[in-house]
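Undergrad: Each chain, letter by letter, is given below.
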Amino acid sequence: GEKVEQHQSTLSVREGDSAVINCTYTDTASSYFPWYKQEAGKSLHFVIDIRSNVDRKQSQRLTVLLDKKAKRFSLHITATQPEDSAIYFCAARESSGSWQLIFGSGTQLTVMP
Amino acid sequence: EAAVTQSPRNKVAVTGGKVTLSCNQTNNHNNMYWYRQDTGHGLRLIHYSYGAGSTEKGDIPDGYKASRPSQENFSLILELATPSQTSVYFCASGDPTGNYAEQFFGPGTRLTVL
Numbered sequence: 001g002e003k004v005e006q007h008q009s010t011l012s013v014r015e016g017d018s019a020v021i022n023c024t025y026t027d028t029a030s031s032y033f034p035w036y037k038q039e040a041g042k043s044l045h046f047v048i049d050i051r052s053n054v055d056r057k058q059s060q061r062l063t064v065l066l067d068k069k070a071k072r073f074s075l076h077i078t079a080t081q082p083e084d085s086a087i088y089f090c091a092a093r094e095s096s097g098s099w100q101l102i103f104g105s106g107t108q109l110t111v112m113p
Numbered sequence: 001e002a003a004v005t006q007s008p009r010n011k012v013a014v015t016g017g018k019v020t021l022s023c024n025q026t027n028n029h030n031n032m033y034w035y036r037q038d039t040g041h042g043l044r045l046i047h048y049s050y051g052a053g054s055t056e057k058g059d060i061p062d063g064y065k066a067s068r069p070s071q072e073n074f075s076l077i078l079e080l081a082t083p084s085q086t087s088v089y090f091c092a093s094g095d096p097t098g099n100y101a102e103q104f105f106g107p108g109t110r111l112t113v114l
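Protein chains in written order, with the numbering used here: chain A, 1 to 113; chain B, 1 to 114.
Source of the hints: derived by calculation from the structure; they are not laboratory data. All values derive from a computational prediction rather than experimental measurement. Hints are not guaranteed to be accurate.
To be verified - Here are the simulated distance ranges between beta carbons:
#1 B:S7 - A:H76: 36 to 42 Å
#2 B:L80 - A:D17: 47 to 53 Å
#3 B:S67 - A:T28: 34 to 40 Å
#4 A:G41 - B:D95: 24 to 30 Å
#5 A:K57 - B:E72: 28 to 34 Å
#6 B:A52 - A:S96: 35 to 41 Å
#7 A:T28 - B:K18: 24 to 30 Å
Stated by the list, open to error - With a straight-line cut-off of 30 Å between C-alpha atoms, the simulated DSS-like cross-links for lysine-lysine are:
#8 A:K71 - B:K18
#9 A:K42 - B:K57
#10 A:K3 - A:K42
#11 A:K69 - A:K57
#12 A:K57 - A:K68
#13 B:K57 - B:K18
#14 A:K57 - A:K42
#15 A:K3 - A:K69
#16 A:K3 - A:K37
#17 B:K57 - A:K71
#18 A:K69 - B:K11
#19 A:K37 - A:K68
#20 A:K71 - A:K3
#21 A:K37 - A:K57
#22 B:K11 - A:K42
#23 B:K18 - A:K42
#24 A:K57 - A:K71
#25 A:K68 - A:K3
#26 B:K11 - A:K37
#27 B:K57 - B:K11
#28 A:K3 - B:K57
#29 A:K69 - A:K37
#30 B:K65 - B:K11
#31 B:K11 - A:K71
#32 B:K65 - A:K37
#33 A:K69 - A:K42
#34 A:K57 - A:K3
#35 B:K18 - B:K65
All C-beta atoms in this analysis are idealised placements derived from N, C-alpha and C, irrespective of residue type, glycine included.
All chains should be built: construct the whole structure from the sequences, respecting the hints.
TA: Written as structure tokens, this is what we have:
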């Protein structure tokens with residue numbers, strides 16, 4: 001089955017700088033890749049996703065890039081703000097028909113003033 | 001008005017005891033999911049359901065049962081709780097169609113098994 005790896009467990013940036021979080025996946029047939037954000041002590045909520053028919057998607061300060069050849073996708077956050085500090089989880093949807101989401105282990109992003 | 005709610009929010013149980021975690025959703029989603037979150041592991045799927053009466057095993061089902069008596073409710077049952085089941089548990093609902101699979105998460109239940 002699908003495996004998703006999130007290679008950075010922590011990432012620190014200065015306020016106003018950009019942050020990039022990288023993920024890799026194993027199943028070439030995967031077609032849907034969402035990102036979720038978890039603020040301290042809270043639940044997860046959806047932030048952005050990308051489908052395999054495009055290689056880039058932008059929503060305000062968030063951009064997701066998808067490289068299907070390398071089986072890699074990344075979340076780019078520009079002009080970071082303190083409220084961007086959170087754990088970010090990448091995920092990939094199983095292609096087997098169950099439509100499960102397979103999550104990465106999470107990246108703790110800290111935006112320092 | 002939260003669409004996915006969980007109860008209890010915190011639970012302390014004893015080893016060998018029975019624990020039931022409850023989840024309710026008002027999204028009218030067919031699919032519901034139970035995950036546990038542990039540092040270094042992210043979210044791991046325990047059980048999921050396609051609708052009332054259906055339960056399916058996820059990636060780590062051992063030691064857990066699930067029950068989906070209605071569209072709105074999905075329970076996770078630990079018949080004989082063990083300290084290794086100490087974790088934060090999240091319930092989610094979703095309606096994956098085509099290429100869309102967003103899930104909506106509840107607030108989580110922190111379970112400690114002593």
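Undergrad: The structure should be examined with respect to each hint, and the outcome stated for every one.
TA: Do the hints match the structure? See the list:
The supplied range of 36 to 42 Å is met by S7 of chain B and H76 of chain A, whose beta-carbon atoms lie about 38 Å from each other. Checked against the hint of 47 to 53 Å, the pair L80 of chain B and D17 of chain A passes, with Cβ atoms roughly 50 Å apart. One distance hint, 34 to 40 Å for the beta-carbon pair S67 of chain B and T28 of chain A, holds here, with the actual separation near 36 Å. Taken as a hint, the range 24 to 30 Å holds for the pair G41 of chain A and D95 of chain B, whose Cβ atoms sit roughly 28 Å apart.
For the pair K57 of chain A and E72 of chain B, the supplied restraint of 28 to 34 Å holds, since their beta-carbon distance comes to about 33 Å. Here the CB-CB span from A52 of chain B to S96 of chain A is close to 23 Å, at odds with the stated 35 to 41 Å. The given range of 24 to 30 Å is broken by T28 of chain A and K18 of chain B, whose C-beta atoms sit roughly 43 Å from each other. Under the criterion of a C-alpha separation no larger than 30 Å, the hint pairing K71 of chain A with K18 of chain B is inconsistent with the structure, at around 42 Å.
Our distance criterion of 30 Å between C-alpha atoms is met by K42 of chain A and K57 of chain B, whose separation comes to about 26 Å. Of the supplied pair hints, the one linking K3 of chain A and K42 of chain A holds, its CA atoms being roughly 25 Å apart against a limit of 30 Å. With a CA separation close to 17 Å, the supplied pair K69 of chain A and K57 of chain A stays within the 30 Å bound. Between K57 of chain A and K68 of chain A the CA atoms are separated by roughly 14 Å; this keeps the pair inside 30 Å, and the hint holds.
Of the supplied pair hints, the one linking K57 of chain B and K18 of chain B holds, its CA atoms being roughly 20 Å apart against a limit of 30 Å. Our distance criterion of 30 Å between C-alpha atoms is met by K57 of chain A and K42 of chain A, whose separation comes to about 26 Å. For a cut-off of 30 Å, the pair hint linking K3 of chain A to K69 of chain A stands: about 16 Å separates their Cα positions. Straight-line distance between C-alpha atoms of K3 of chain A and K37 of chain A comes to about 19 Å, which keeps the hinted pair within the 30 Å bound.
Between K57 of chain B and K71 of chain A the CA atoms are separated by roughly 27 Å; this keeps the pair inside 30 Å, and the hint holds. This hinted pair does not check out: K69 of chain A and K11 of chain B have alpha carbons roughly 45 Å apart, beyond 30 Å. The hinted pair formed by K37 of chain A and K68 of chain A meets the criterion: a straight-line CA distance of about 23 Å does not exceed 30 Å. For the given pair, K71 of chain A sits about 11 Å from K3 of chain A by alpha-carbon distance, which is consistent with the 30 Å threshold.
The straight-line distance between the Cα atoms of K37 of chain A and K57 of chain A is roughly 17 Å, inside the 30 Å bound, and the hint therefore holds. Restraint check: the Cα-Cα separation between K11 of chain B and K42 of chain A comes to about 17 Å, which is no more than 30 Å; the hinted pair holds. For the proposed pair K18 of chain B and K42 of chain A, the alpha carbon gap of about 26 Å is at most 30 Å, so the pair holds. Note on K57 of chain A and K71 of chain A: the hinted pairing holds, with a Cα-Cα distance of about 16 Å set against a maximum of 30 Å.
In summary, the hint linking K68 of chain A to K3 of chain A is supported, as the alpha carbons are separated by about 15 Å, within the 30 Å threshold. Among the hinted pairs, K11 of chain B with K37 of chain A is consistent with the structure: their alpha-carbon atoms are about 25 Å apart, no more than 30 Å. With a C-alpha separation of about 24 Å, the suggested pair K57 of chain B and K11 of chain B falls inside the 30 Å cut-off, and the hint holds. Taking the CA atoms of K3 of chain A and K57 of chain B, the gap is near 17 Å; set against the 30 Å cutoff, the hint holds.
For the hint pairing K69 of chain A with K37 of chain A, the CA-to-CA distance comes to about 26 Å; that is within 30 Å, so the pair holds. At most 30 Å may separate the alpha-carbon atoms for a hinted pair to count; K65 of chain B and K11 of chain B meet this at roughly 18 Å. Restraint check: the Cα-Cα separation between K11 of chain B and K71 of chain A comes to about 40 Å, which exceeds 30 Å; the hinted pair is violated. With a C-alpha separation of about 28 Å, the suggested pair K65 of chain B and K37 of chain A falls inside the 30 Å cut-off, and the hint holds.
Distance restraint check for K69 of chain A and K42 of chain A: the Cα-Cα separation of roughly 35 Å exceeds the 30 Å cut-off, and the hinted pair is therefore not satisfied. Taking the CA atoms of K57 of chain A and K3 of chain A, the gap is about 23 Å. The hint holds against a cut of 30 Å. Between K18 of chain B and K65 of chain B, the direct Cα distance comes to roughly 11 Å. Compliance with the 30 Å bound is thereby established for this hinted pair.
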